[in-house]
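K.L.:
Sequence:
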Amino acid sequence: PQFDTFPWICWYIWKARNDKLFNGKDVSPFATLQHASLEAECWRKANEKEKADEDHDDPPTIEVETVPHGIPQIPTCQIDASWINNGSISGLGWSLNDQMGVEYFGLRAYNRSLSALHAEME
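Counting with UniProt numbering, you get residues 1 to 122 for the letters of the sequence shown.
Keep in mind the hints are simulated off the structure, nothing from the lab. None of the values given here were measured: they were computed from a predicted structure. One should not assume that every hint holds.
[As the list claims (entries may be wrong)] Label pairs and their computed distance ranges (CB to CB):
| hint | residue 1 | residue 2 | range |
| --- | --- | --- | --- |
| 1 | L96 | S28 | 15 to 23 Å |
| 2 | D26 | I84 | 14 to 22 Å |
| 3 | D4 | G106 | 17 to 25 Å |
| 4 | F3 | Y110 | 38 to 46 Å |
Ideal Cβ placement from N, Cα and C applies to all residues, glycine included.
Based on the sequences and whatever the hints tell you, model everything.
P.N.:
Below, the structure is given as structure tokens:
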């Protein structure tokens, strides 16, 4: 793993620890390392600066990497919450991609949380 992957590894070790303590779920060290490396790579790619094109008349090209259908992938889950200090409700949304690439989504509104961090942990 690259040096900038280290914080991701620590974070997913911590999450695996919490899964073990609070949910009784065992996560293998290899799966934890693989998941952390994948998330770190996604973060790096999402935060790369785009190279300035010399010819601005051409429309931008989009490169899409596709995985052949039927090849299992690492499940990924993304969450985000909305919290306003003087608001009466908080909101939560999530997206889950399973091993076969099927996407699931969910939304929820609930009574106001104590803080933004509490809203994220709902």
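K.L.:
Go through the numbered hints given earlier and state which of them the structure violates, listing their numbers in rising order.
P.N.:
Violated hints (numbers, rising): 2 and 3; every other hint is consistent with the structure.
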